[in-house]
Structure formats: structure tokens, C-alpha cells
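When you get a sec, could you build the whole thing from the sequences and use the hints?
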Amino acid sequence: MATEGQQHPIKIYLLVWGLLFAFSAISYASDYLDDGVFRTSVILLFMILKAAAIVAVFMHMQWERYALIFAILLPPLALMVLMTLMAIEADYAWATRVEYMGEPIAPEPKPPPTHKPHH
Amino acid sequence: MTETTAPGNESIFTATARDWSSDVTTFKGVPWGKAMMWIFLVSDTFIFTCFLVSYMTVRMTVTDPWPNPSEVFALAIPNELFGLQFFESSIPVPLLLIAIMTFVLISSSGTMAMAVNMGYQRNKKGVVLLMVATALLGMTFVGMQIFEWSKLIIDEEVAAWQNPMGAAQFGSFFFMVTGFHGLHVSAGVAYLLIVAWRVGRGHYDHTNFEIVEITGLYWHFVDLVWVFIFALFYLW
Amino acid sequence: MATAEIPYQETVPLHHPKTWLGKYVFSQDHKVIAVQYGITAMAVGLVALVLSWLMRIQLAFPGLLEGFGPDEYLSAITMHGMIMVIYLLTAFLLGAFGNFCVPLMCGARDMVFPFVNMLSYWVYLISVILLLVVYPLMLFTDVAPTGAGWTLYPPQTITAGTPGADWGIVLMLASLAIFIVAFTMGGLNYITTILQARTRGMTLMRMPLTVWGIFIATFLGLIAFPALFVSAVMMLLDRLIGTSFFMPAIVSLGQKLEYSGGQPLLFQHLFWFFGHPEVYIVALPAFGVVSDLISVHARKNIFGYRMMVWAIVAIGILSLIVWAHHMYVAGMHPYFGFFFATTTLIIAVPTAIKVYNWTLTLWRANIKLTVPMLFALSFVLTFIMGGITGLFLGNVIIDIPLSDTYFVVAHFHMVMGVSPILAIFGGIYHWYPKLTGRMLNDTVGKIHFYFTFIGTYVIYFPMHYLGFVGVPRRYYETALGGTFPDFYPPSAHYLNIFITIAALVVGIAQLLFIYNLVHSYFKGEKASDNPWGANSLEWRTPQTPPSHGNWDERLPTVHRWAYDFGVPGHDTDHVPQDVPRKESA
Chain F
1 MATEGQQHPI
11 KIYLLVWGLL
21 FAFSAISYAS
31 DYLDDGVFRT
41 SVILLFMILK
51 AAAIVAVFMH
61 MQWERYALIF
71 AILLPPLALM
81 VLMTLMAIEA
91 DYAWATRVEY
101 MGEPIAPEPK
111 PPPTHKPHH
Chain L
1 MTETTAPGNE
11 SIFTATARDW
21 SSDVTTFKGV
31 PWGKAMMWIF
41 LVSDTFIFTC
51 FLVSYMTVRM
61 TVTDPWPNPS
71 EVFALAIPNE
81 LFGLQFFESS
91 IPVPLLLIAI
101 MTFVLISSSG
111 TMAMAVNMGY
121 QRNKKGVVLL
131 MVATALLGMT
141 FVGMQIFEWS
151 KLIIDEEVAA
161 WQNPMGAAQF
171 GSFFFMVTGF
181 HGLHVSAGVA
191 YLLIVAWRVG
201 RGHYDHTNFE
211 IVEITGLYWH
221 FVDLVWVFIF
231 ALFYLW
Chain E
1 MATAEIPYQE
11 TVPLHHPKTW
21 LGKYVFSQDH
31 KVIAVQYGIT
41 AMAVGLVALV
51 LSWLMRIQLA
61 FPGLLEGFGP
71 DEYLSAITMH
81 GMIMVIYLLT
91 AFLLGAFGNF
101 CVPLMCGARD
111 MVFPFVNMLS
121 YWVYLISVIL
131 LLVVYPLMLF
141 TDVAPTGAGW
151 TLYPPQTITA
161 GTPGADWGIV
171 LMLASLAIFI
181 VAFTMGGLNY
191 ITTILQARTR
201 GMTLMRMPLT
211 VWGIFIATFL
221 GLIAFPALFV
231 SAVMMLLDRL
241 IGTSFFMPAI
251 VSLGQKLEYS
261 GGQPLLFQHL
271 FWFFGHPEVY
281 IVALPAFGVV
291 SDLISVHARK
301 NIFGYRMMVW
311 AIVAIGILSL
321 IVWAHHMYVA
331 GMHPYFGFFF
341 ATTTLIIAVP
351 TAIKVYNWTL
361 TLWRANIKLT
371 VPMLFALSFV
381 LTFIMGGITG
391 LFLGNVIIDI
401 PLSDTYFVVA
411 HFHMVMGVSP
421 ILAIFGGIYH
431 WYPKLTGRML
441 NDTVGKIHFY
451 FTFIGTYVIY
461 FPMHYLGFVG
471 VPRRYYETAL
481 GGTFPDFYPP
491 SAHYLNIFIT
501 IAALVVGIAQ
511 LLFIYNLVHS
521 YFKGEKASDN
531 PWGANSLEWR
541 TPQTPPSHGN
551 WDERLPTVHR
561 WAYDFGVPGH
571 DTDHVPQDVP
581 RKESA
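Residue numbers (our numbering), protein chains in the order written: chain F, 1 to 119; chain L, 1 to 236; chain E, 1 to 585.
Please keep in mind that the hints were generated in silico from the structure rather than gathered at the bench. In this text the structure is predicted, and so the values were computed from the model without any measurement. Heads up, the beta-carbon is just placed ideally off N, CA and C, and yes, glycines get one too. Take these hints with a grain of salt, some might be off.
Claimed, not checked - Below are the EDC-like pairs computed for lysine to aspartate or glutamate, each with C-alpha atoms no more than 16 Å apart in a straight line:
{"#": "1", "chain 1": "F", "residue 1": "Lys110", "chain 2": "L", "residue 2": "Glu71"}
{"#": "2", "chain 1": "F", "residue 1": "Lys110", "chain 2": "L", "residue 2": "Glu156"}
{"#": "3", "chain 1": "F", "residue 1": "Lys110", "chain 2": "L", "residue 2": "Asp155"}
{"#": "4", "chain 1": "L", "residue 1": "Lys151", "chain 2": "L", "residue 2": "Glu71"}
{"#": "5", "chain 1": "E", "residue 1": "Lys582", "chain 2": "E", "residue 2": "Asp571"}
{"#": "6", "chain 1": "E", "residue 1": "Lys523", "chain 2": "E", "residue 2": "Asp442"}
{"#": "7", "chain 1": "L", "residue 1": "Lys124", "chain 2": "L", "residue 2": "Asp205"}
{"#": "8", "chain 1": "E", "residue 1": "Lys368", "chain 2": "E", "residue 2": "Asp442"}
{"#": "9", "chain 1": "F", "residue 1": "Lys110", "chain 2": "L", "residue 2": "Asp64"}
{"#": "10", "chain 1": "F", "residue 1": "Lys110", "chain 2": "L", "residue 2": "Glu157"}
{"#": "11", "chain 1": "E", "residue 1": "Lys582", "chain 2": "E", "residue 2": "Asp564"}
{"#": "12", "chain 1": "L", "residue 1": "Lys125", "chain 2": "L", "residue 2": "Asp205"}
{"#": "13", "chain 1": "E", "residue 1": "Lys368", "chain 2": "E", "residue 2": "Asp573"}
{"#": "14", "chain 1": "E", "residue 1": "Lys526", "chain 2": "E", "residue 2": "Asp399"}
What the hints assert, rightly or not - Every beta carbon over 10 Å from chain E, so not counted as near; a handful from chain L, in silico:
{"#": "15", "residue": "Ile12"}
{"#": "16", "residue": "Asp23"}
{"#": "17", "residue": "Ile47"}
{"#": "18", "residue": "Leu75"}
{"#": "19", "residue": "Ile77"}
{"#": "20", "residue": "Pro78"}
{"#": "21", "residue": "Phe82"}
{"#": "22", "residue": "Val93"}
{"#": "23", "residue": "Val104"}
{"#": "24", "residue": "Trp149"}
{"#": "25", "residue": "Lys151"}
{"#": "26", "residue": "Asn208"}
In C-alpha cells form, the structure reads like this:
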């Protein structure tokens, strides 16, 4: 058993804490952007940055030895395969539904019934 | 073979191979509980990712319209409070509640990180206070989630099996994934309080307080999952 | 050389219970938990065996069984499959062998968290009870076991007409979810023990292959079971509160159901994202056990140890990206067939390496045909047999006509039904002396072996032919004289009768094994500390059977791998792992 733990200056925690607030604010602000590739990229970029900051600093991953880092970070690659293939599959299934079942391509959602009176 | 410190000029591959080919422990200096928690978190990652991949698949497959979350989760700032009028009319702000929930959960992660730091400084009082603060923030989060659910169910008539705005799966996935995450937060609150109580009782005085770090790993993971839910459910 | 790290377990005292209840029932000793897992798994396996008899009798002699109609037949199929794959094979190989072998072979006192390990067993028991409670319920209520087939494909699983679509499926899914919780608690323990609690000198590349197999299989389990858990939760929600995750708009019995827009193929993908690794969760520990048995009983070091380890790792990784080869006829994206056929056939490479290495281990070895060795050899043969038919089914164009025929049934029974069972038998015959301090009866063991080994070939070999003539699986009646028109040549009918009689005989032969286990426990010949002359650490415990804590104050120190047989310059033909190297040698 090692006796030294994960002890690091408080300053870095405060810094990351602040960064997480900033990143969250930016991703929140992306809601005011128009839909499109740019907005999607902003959402994904800041999602990954936030996740990386939490894992690296709060969960101490950046101070761990590579043996542990690889053991934790490599298995989720299998999920990337699952995600990619399921995206292809879902696209195909959607196309089948539109092509063979005559379902509409991109219908508009109905507005939320927010302003309805309470029952 | 059992050297725990590697020469500085080693490549990361050599360093990894050295640890993996050593005896006794593979993760040098990592307590059992921490190793176990990390492996559990990998397993839990697979659970949440399978949920999210299912969400992606179904959302891409349905031909019914998918509601715009930024409208669905908008919260109106009231124009009056205690009879005082502030604005001419109430102002709908998209995702206001979700933004506050996000900041609450990030704050709790911050206090948890501080608690871990206090633990390694052997500052028991600090640990207990910060862990209780974390638990309180976690409870706030769950409370706000209950509010959000009730708003969605009562005001917008969305249920797990129906959605007046379009695809029923919107409600199904929303309630299932946030519900599963909420259960994780609730379990985390219980875990935090138990550990804080035991730390206060002096249960871990003979250790290095790595239990605080292990609890912290779980708590940060819950926050981490929320990062993905926030981006993929509410913003997308 | 820096100072050696001290195994933590030497410094922490174990919790020694005083009461009988604490020692044998709520025990935290990994060996007791292994026995509990083993007995429960065998008991539930007997239920599945009886179900298979009922199905075989129905197929050969339709109408002979009163009250065993199509619904009961489908339920029997489902329960048989689920019990065998999950509640018997997974639980036995990881729960029983995992618990028994991991701490002993790694030189640990116990699992790292014995209390969690104990909980793992009790939660497993709850899941078994929840699975089987449907049979007593059947007598008093109209709850029936689910008949959806062990793959539980929606939408038919929860639509009217499938047996147990109302509550049987709920019990099944709940039981699976609880099993996964139990497995996670046990699995985290095995992995952490292997990674963090080995003894001095025990590097990963000195571990016996049994531990390697269990290690990779457990890891696969921890990352594959989540997919099953997720699909079980989603299907429970579909069933109980009417969500449409997997349920498309559907007309059932003339009525449009409330469901719409769900994706049934998603369930199949999630199920097989779990299901294919599951095949290797069962196979990898069996590979490991068989490697050790062959090496010990052939008195020769395992050929290509490192290759064997890397083959296990490679199979584990590859098994995560081959899942949709179970779905060639499901209507998925047409290009997926190419991807999944390719990855599937690549798996044949590390698997073939293992088979060649077993063969080369036997090459010019001093083979002792003990009962464990007989089972190990029969495993290799059966596995080759089942593996080669797997190559047929991995190819899309060959799979399409063979899909859902008895060829598939024969394939998976050979490769992941019978083979792991043979490895389990071999393992039990091998480790029983260490577990109980007594030998199993050799003659009874040999009779049991020949009945089981020859019997399985008699049962499953003709099934390949049935598949080629087009007999579909899961059909209630395929025989002459049934209510359906006779599609099949008379030979199929006679083979069905032949298979059924063989299945009954093989099933009854298993009673010999149970008799042997019980009788030898009380009356068996006393076993020495190391009756097979093996090298791994479990044979070096100070007591036989090992006491709680396994070792004396000091854990053993490992100086060599587990396969030093016939090393020149030593008095014995085998050199155990904790014997120091000679300076001059």
C-alpha cells in the first residue's frame, strides 16, 4: 500500500471549478445559436472539454500512472464502435420507414402546451 | 521487477508495460477500494452509454417529430413576486432550470474535490463539512429534478408513454435517463452522508482517508454523466 | 532492485466468524462462497436438464406428454436456454471456479472485499429464486413462464399470444437485472484481486491460464452485461408502463396496439452486444481450465504460454465487435454483413492458435488418461467440432439458409453448451481433492465421462443433418404424425427419436456424477496435498482443504511459472511455483 495520496494544490481545483462554470455557460449560450453544424460542434466541443476537465483534475486521472489510465480509457472504445454502427443502422432504418412505409420526412413538432390553463 | 518509481526518460509504453508486468499490484499505489471503484465506473459508463446510444438510435429512427427541448424546458420568470411588479409580462428563458441544475451539480463537484483535498491533509472537520455540503447540493439537484419532472408531467402533459408534441420516445427517454441519473445522485447522497458520518466518528483515522477520494470518484462520475445528458438531451 | 512491495493482505487480519451460520452459510470465505455458487448453479442446471428432456420427448413422441402443449414447449425452450447460459454456465465458471481459483492461484488470502463477495452470492440466489418462482406460481395462478425464446426478441416477447407475455417476462427480466447486480459485485472482486492482491513474485505472466481466462471473461462480463441490463430495463418499461422503446406501431390479434415508433432491432443489437461477449465469458474460463488440465495431466509445459495469454486477450477484444453475426436475417443494414462476417472470421485466428497449442502440448507428452484429462481432451475435440460449424454460420451466404435450423442448435450446443460443461466436469474432477480432501471415485468418473462424451456426439451430430434438411428450431412438432403437414423426410423423424433416447440416457448418466460427488465427500479415498503433481499455488496450501485465509502468516513467494514439468536438475518431474530457482541453473 502506498502511503502518499492524491494531494494537489487547492489552486488547481478552484481554477478547474471556474473553467467548468465558464464552459457550462458557453454551452448554455449555444442555445441561442441557430441550428446547424456550428452549434452542434460547439455543444460537442464543450461537452468533451468539460468531461475531460472533470476526469483529468477532479478524478485525478492526470496524476495517475499510465497503467491505470490505459485500463480505464481503452475499454470505452468498444462503445465508439457500437455508437458508430448504431448511427448507421438508425439512418438505414429511418430511410426504410420513409421509403417503404410512406412516413413523413421531417414534420414540424407541435408547440408545447405551456400556456394552456391548468386543469 | 517491483520498482515503483520509473526512470524519468521512459516512454509511456515502457512505463505501462513495467507496471503491468510487475508483481503484487498492477496499479502502483492505488488502494483496493479505489481500483474497484474505477473498474465499477467503467462498467457504469457502459450502462449509461448504452442508454444514450439507444436514445440516439431511436431518435434517429422515429418519423414522428421530435420536440425542441429548448422550448419544452423553458421556464418563465414571473413578472411579479409578492405583489411587486418587476416586468411588464413574464419572460420565458430557455433551459433556465437546467442551467441552474448544471451549476448546482458542478458546484457540488467542486466542494467534493475540496473534501478530498482536506482528507489528504487529515482535516477531518473540513472533510465532514464539505461532504455534507456536497450532499446538500446533491439533494438540491434532485429536488429541482422532481420540480422539472412535475412541470413536464402536469403542465406539458408529457409522460413516459405519451407526448402531445410528437414522438412518444421523447418522454420515454427523458424520464428513463434522467431518472436513472437521478437514482445515481440519490444513491450518491446516501453514500456521501454515510462516509461523512463515519469519517466524523473516526472510523478511518488509521487510514490515509482514501475513502474520501473513492466517494469523490463516484460523485464526479455522476457529474460527468450529467455533462453528457445536458449536451445530448437538452441542447441537441 | 527496489524493495519488494509487501502484499497488503499479510498485514490485515481476516474476519473469523465464530458461529456455524457465519462459517458455512453467511460465510465470507471465498471457498465456501464458491461451493455455494456451484451447488446452486448445479441445482438450477438440473431444472434445465429436466426441461430439455420434456422438449426432446415431445419432439420424438408427440402427444406422449399430457399437458405439454405448444405454450409449455416454448416456455421450456426459453427457460432451458436462459438457465444454461446465464444461471448455470456463467455462474459456475465465474462464481464457482472464479471464487475458488482466483485467490488460491494468485496467492491471496481471500477476495479483496469478502463481504461484497458474500453479497454477490446471496443476490445471485435471489435472482435464481425470482427466475424459478414462476413454476410454483403456475400451479396457483395463471402466471406462465415466458416463451419468447432465450433471446427475448421484441415485439413478440410482450405481445399477446406469446406464453408469459403478461407476467412471465417481467419475472425473467427482473431476475436478469438482479443477476447482473450479483455478477458485478463478484466480478469487481475477481478483477481487483487479480490486479491488486497477488503475492510476491506473481507477475501477470506467471499466472496460471485459468486465472487469465477468468480475468478476461470477468472483464468482458463487466462491460457486456450493462447492455443486457439496459435492454432489460427498457423492455420492462415497454411492458409495464407502455413506453415504445422497442415496440413499433403494431397490430396484434386484429387490434392496433398503443405502441408506435420503437425500434425492435435496437433490442437485438443491445442483446447481442451482450450476447456475443457472453459466449466468450463462458468459453474463456473453460479455455483456461482446460489449458491447465492438459499441461498437468500430460506432464508437459503448456506450449506457447505467452501466445495463449495474448490469444485470450485478443479473443476478448474481438468478441466486442462481432455481435451482429447473430442477426444476418434480422433485416439490419445490408452492408453490416460484410463487416461482421470479417471480424467473426478473424476471431478464428486466436482460437485456432489455442487449439494448435493444446495439440502441441500433447505432442510427445507423458499423457495420463485420468478423468480430468479425459474431460479436457474431449473439450478440445468438441470445441473444434463446434468451432468449425461456427465458421459456416459466420459467413453470411451460408448462414442465411441455415438460420434458425437445427444446424444452429447443434453448433451452439457443441461450442458453448457441451464444451464448457466438459471443462467444468474436468475442473471439478481436478480440484475436488483440494476442495474436500478426498478423491472422486475413478471408475464412476470414467463411466460418467464416456456416457457424457459419446452421448453428446450421439445427440448433436445428427442435428447437423436435421439442419441441412431444413428442420427449423423452436418448432413444437416436427415429427411424422403430428398436426402439421410432414415437410421432412422420414429420416428426420427417426433421427429425432434416436436423439431423444440418447438425450435421456446422457441426462440420467449425470446422476452418476452427483452420486460420485456426494459419496466421495464422505467415503472417498483421502487425497494427498497434491495428488496430480501440479505446480500452481492452490496445491501448495499448508492444509488440505485449505483453511480460512489459505496460507500461514506469510503468503507464498512465487519464483517461476506454473508449468515447470520435467525440468532437468530437479528430483521431481514437476517444480511448484514457490520453489526458488537454483543459483547454478
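For a quick check of understanding: which of the numbered hints are violated here, in increasing order?
14, 16, 17
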